[in-house]
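S.K.: With the sequences and hints as input, model every part of the structure.
Here are the chains, one letter per residue:
Protein chains: 2
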Amino acid sequence: MQYGYFDDRKKEYVIETPATPLPWINYLGSQEFFSLISNTAGGYCFYRDAKLQRLLRYRYNNVPADIGGRFFYVKEAGKAPWSPTFHPVDAELDAYRCRHGMGYTVFETEKDGLAAKLTFFVPIGETCEVQQILFRNRSDQEKIFRFTAAVEWCLWNTVDDSTNFQRNLNIGEVEVEGSVIYHKTEYRERRDHYAYYGVNAPIAGFDTDRDTFLGTFGHFGNPQAIRTGKTGDFIAHGGAPMAGLGLDVTLEPGEETSFVFVLGYGQNPRDRKFLSPGVIRKDTANRVLEKFSTDAAVEAGLAELAEYWNDLLGIYTLESSDAKLDRMVNIWHQYQCMVTFNMSRSASYFESGTGRGMGFRDSCQDLLGFVHMAPERARERIIDIASVQWADGSTYHQYQPLTKRGNNDVGSGFNDDPLWLVACTWAYIAETGDWSILDHPTPFDNGPGSEAPLMEHLRRSVNYTKTHLGPHGLPLIGRADWNDCLNLNCFSEEPGESFQTTGPSEGPVAESVFIAGMFVLYGGQYAKLCRHLGLNEEAAEVEEAVAKMVETTKGPGWDGQWFVRAYDAFGGIVGSNSCD
Amino acid sequence: MQYGYFDDRKKEYVIETPATPLPWINYLGSQEFFSLISNTAGGYCFYRDAKLQRLLRYRYNNVPADIGGRFFYVKEAGKAPWSPTFHPVDAELDAYRCRHGMGYTVFETEKDGLAAKLTFFVPIGETCEVQQILFRNRSDQEKIFRFTAAVEWCLWNTVDDSTNFQRNLNIGEVEVEGSVIYHKTEYRERRDHYAYYGVNAPIAGFDTDRDTFLGTFGHFGNPQAIRTGKTGDFIAHGGAPMAGLGLDVTLEPGEETSFVFVLGYGQNPRDRKFLSPGVIRKDTANRVLEKFSTDAAVEAGLAELAEYWNDLLGIYTLESSDAKLDRMVNIWHQYQCMVTFNMSRSASYFESGTGRGMGFRDSCQDLLGFVHMAPERARERIIDIASVQWADGSTYHQYQPLTKRGNNDVGSGFNDDPLWLVACTWAYIAETGDWSILDHPTPFDNGPGSEAPLMEHLRRSVNYTKTHLGPHGLPLIGRADWNDCLNLNCFSEEPGESFQTTGPSEGPVAESVFIAGMFVLYGGQYAKLCRHLGLNEEAAEVEEAVAKMVETTKGPGWDGQWFVRAYDAFGGIVGSNSCD
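Taken in order, these protein sequences are the chains called A and B.
This note's numbering puts the first residue of the first sequence at 9, with every later residue one more than the last.
This note's numbering puts the first residue of the second sequence at 9, with every later residue one more than the last.
For the record, the hints were derived by calculation from the structure and aren't laboratory data.
Among the hints, a few may not be true.
Some chain B residues flagged as far from chain A (calculated, every beta-carbon gap over 10 Å) [claimed, not checked]:
| no. | residue |
| --- | --- |
| 1 | Trp164 |
| 2 | Glu194 |
| 3 | Arg196 |
| 4 | Pro261 |
| 5 | Thr292 |
| 6 | Glu298 |
| 7 | Ala308 |
| 8 | Gln344 |
| 9 | Thr348 |
| 10 | Gly580 |
| 11 | Gly583 |
Pairs of lysine to aspartate or glutamate, DMTMM-like flavour, derived with a Cα cap of 20 Å [as the list claims (entries may be wrong)]:
| no. | chain 1 | residue 1 | chain 2 | residue 2 |
| --- | --- | --- | --- | --- |
| 12 | B | Lys290 | B | Glu197 |
| 13 | A | Lys281 | B | Glu502 |
| 14 | B | Lys151 | B | Glu24 |
| 15 | A | Lys281 | B | Glu501 |
The beta carbon of each residue, even a glycine, is placed where N, CA and C say it ideally should be.
M.R.: Following this line, the structure appears as structure tokens:
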């Protein structure tokens with residue numbers, strides 16, 4: 009079923025109905041501040057870490073799906089409210105279009121002669137989401153309405169936020185100044201950061217307490233404050249803090265008006281947190297709010313964003329006879345690769361962003377897709393990745409983006425991991441010609457003093473595979489290879505045990521033909537790096553090991569018709585034509 | 009504000025409006041199967057462990073609050089649906105009453121001449137919740153309606169269920185046989201338990217997939233299956249599995265009918281899990297469904313429950329001139345104490361039941377309230393608690409009910425903890441005269457081979473306090489005393505650090521006058537135990553230490569007007585008349 013189309017000229021996916029079976033989301037942001045936004049404006053924002061520094065409360069697996077964390081309401085006197093993003097009110101709209109573009113999302117909707125255009129983007133170099141809202145009266149009558157924009161705050165750590173109620177129902181704190189609501193939970197105690205939501209116009213009223221805003225049995229589809237037109241104008245202490253900003257608007261027929269909202273993250277030096285006792289220093293917020301206080305500034309921000317993406321996407325361009333292939337290669341794949349670089353699958357609608365952090369294997373692979381667009385950042389990423397490698401050449405399977413340390417709960421033993429480090433380093437050098445990366449001092453397991461040139465990390469990666477071969481001479485699979493589900497050494501019987509990590513990380517028998525293939529490819533690349541560096545003896549040794557692996561793969565790795573997939577912990581064959 | 013009243017004769021709290029500011033909940037169950045149920049039938053069930061074996065999906069901090077995991081709908085042709093428990097439809101009712109009684113909850117509601125009575129309880133000795141639903145046509149016209157009862161399954165581990173979507177959206181499995189829906193996620197792989205929801209009447213249709221049941225943008229207040237009268241009759245694979253049972257009912261004026269639903273937990277021997285490939289063995293479910301297939305059986309179950317509670321509450325009775333005091337002491341406090349014994353605050357609407365398990369201190373204290381009602385179970389609990397004590401006399405602060413092992417993430421160092429073990433043991437002996445408990449071989453930190461008589465555990469508790477005194481001779485507070493928030497040795501500066509466990513568990517300076525008071529009381533009790541056992545020398549030593557503590561408390565523990573609360577890590581006084 010077709011819910012929209014791709015506009016090649018504008019590089020936008022256009023969704024023509026809010027009734028998509030699953031939310032269709034875009035990812036905004038390219039440096040430190042990221043927003044997820046669906047085709048009904050659901051989603052959340054975070055600063056650098058989706059678990060620890062989340063701005064908006066988002067409920068996964070919610071019913072209905074995709075309600076929150078952004079809420080917009082239009083209410084004319086005597087009429088039922090509606091949302092210019094369809095959710096949360098779900099009132100039928102006379103027109104609806106959502107455009108997911110390169111780093112921005114636009115909604116164009118209309119009801120009863122009132123047209124709305126909402127543009128969302130994370131400006132280059134800023135830690136905020138800008139929301140521009142335009143209204144145009146297309147009817148022949150004066151329109152008088154209350155427009156309310158609201159967000160529900162996450163109390164920063166999203167895991168704690170969704171489990172520790174005896175604490176988090178008591179700690180919410182906000183501050184209101186003019187048309188800006190500041191979320192400052194734990195700021196007094198031990199945070200130097202706050203969130204804010206403000207608008208470039210005088211407000212008619214505000215809400216900072218969700219229960220007051222919603223009323224008894226209230227839900228975001230039908231808040232009391234919207235129904236009655238009465239904001240709480242109340243400073244929340246504890247409970248569920250939110251930021252609701254109410255604006256009274258009058259539009260003559262044909263008239264239009266606009267507002268710019270900024271949803272941002274601000275940070276202060278530890279010793280200069282307060283302006284006066286209890287009053288937070290708002291320099292960051294003030295500067296950003298001031299910067300985006302006009303439509304011209306929004307246009308400039310969007311233009312800068314467009315230029316950023318044009319530059320990135322202009323580096324590599326394919327012109328083929330197939331428009332769809334061109335679009336896929338020139339726009340969509342490269343865009344997705346940059347998103348994956350930013351998020352590394354740690355935050356989405358299915359990865360809740362609450363635990364696993366970034367994958368070692370994932371991050372290496374993703375790099376192949378963006379290295380030509382962001383070579384400096386790719387270099388930095390390679391060093392980060394290599395720094396979670398262990399001294400024996402194995403690696404942590406995951407690491408946390410904020411601390412850059414490996415995850416102990418999953419640990420090591422995914423035996424394809426080490427070779428991916430060769431893959432991404434090779435790709436980086438092939439793209440940039442920057443051989444100096446091989447000299448970069450890089451620690452093992454982030455241990456100060458353990459630094460060795462990156463080349464030494466690659467060496468240990470290759471050696472790890474070379475020295476971990478099974479009975480057929482194929483690489484031992486450990487906990488799994490690229491197919492995460494091929495957990496041949498893991499025998500989980502008890503509920504709650506991990507299928508991936510229960511059992512030895514190093515089984516002595518189970519072998520992976522996939523890793524054999526990797527060794528042929530990346531071992532060969534490593535040998536070429538050796539040759540370039542004049543390490544001819546080492547190159548020859550590796551080449552010999554690679555040649556042997558080719559033979560082994562053609563031997564026990566080939567069943568006469570198929571490449572075998574693996575041998576299990578009992579020596580049994582997996583993925584052969586001889587299998588049932 | 010008054011939302012109801014207590015009916016002393018029936019021992020029931022009667023709530024007369026669904027519009028209570030917070031859900032008013034009852035706790036059902038007394039052995040292994042527990043249900044939380046609010047005055048709108050919200051809540052969840054679990055078997056033994058609220059985190060690992062949860063039957064119903066419940067969303068904490070939900071909007072609106074208290075939607076799920078039980079859903080009931082009545083739909084007459086041509087009329088809007090309504091819920092006889094008010095939620096989730098929220099249609100205005102002509103009559104509403106909820107009665108929270110001793111181990112059961114009853115709803116009596118009415119709309120448009122159709123009266124409903126819903127009774128919920130967990131039968132003695134069974135691992136299920138029984139739901140009896142009675143309808144009576146009070147109008148003068150025939151009533152034809154579809155009644156639908158539904159639950160949403162939790163995929164057992166509630167933490168995984170609410171975070172690991174890339175997995176749990178793919179694993180849901182159900183089976184349907186007659187009028188029973190079986191939830192069997194992970195049963196094939198590594199569980200020997202399943203959940204079921206069935207009714208003692210033929211069904212008109214069923215739903216096992218939430219998205220099918222609700223429809224696009226659907227919510228539990230307005231499911232597609234209810235609106236259209238069309239069940240999905242679809243076997244879920246993955247997604248969000250649920251159990252919806254639709255019954256077609258026709259009632260003449262004045263006529264009434266009833267249905268009995270059973271929501272249960274079943275378990276099989278590991279080697280006899282399947283009846284045939286893919287078909288689970290249903291012996292437990294069948295027996296229980298058969299047992300509660302008639303109204304007479306429900307009445308018998310309720311009578312047994314009433315007798316159970318009459319017996320428990322009949323053990324101690326107060327007759328004073330104050331009816332409210334009598335009610336409090338004779339009914340409500342004792343009921344609450346038994347609930348606390350069962351749950352030990354690990355599961356409620358505010359403790360999400362996902363992490364902390366049971367508190368050492370809490371469990372010791374709670375025992376004082378129920379020891380006279382359940383002395384055998386109190387004895388067992390004391391041994392469980394003492395088994396998480398460390399060899400040095402300190403203890404884990406929390407432990408898990410299923411494994412009975414201490415929680416490493418919180419660890420030890422709450423220096424009031426050890427003395428509570430004396431408190432509860434003393435209370436047990438005082439109530440029962442069962443001195444033999446002091447001889448019970450009890451391990452330290454659950455270590456096999458480390459068993460020592462319980463008396464030795466009490467000795468180490470007392471010695472721990474005696475040997476951990478600060479500069480004023482008062483007991484060192486460690487991480488905190490009974491006031492969890494008095495974390496005098498904890499200096500948390502980074503977000504995400506625990507206020508309770510960041511810093512040394514043993515500070516050399518900060519002292520607690522509260523623990524001094526505990527030592528006076530429980531040290532004295534311990535000395536009496538020594539005297540009884542003929543350990544006169546030890547008794548004298550302890551009595552001397554207690555006498556000295558009395559003097560110390562009157563010295564540096566008394567500021568001339570107040571008992572001081574504590575001394576902080578810098579020797580500064582806390583809670584004195586000299587404090588600002």
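S.K.: Against the structure, test the hints numbered earlier, and report the numbers of the ones violated in rising order.
M.R.: 1, 2 and 14
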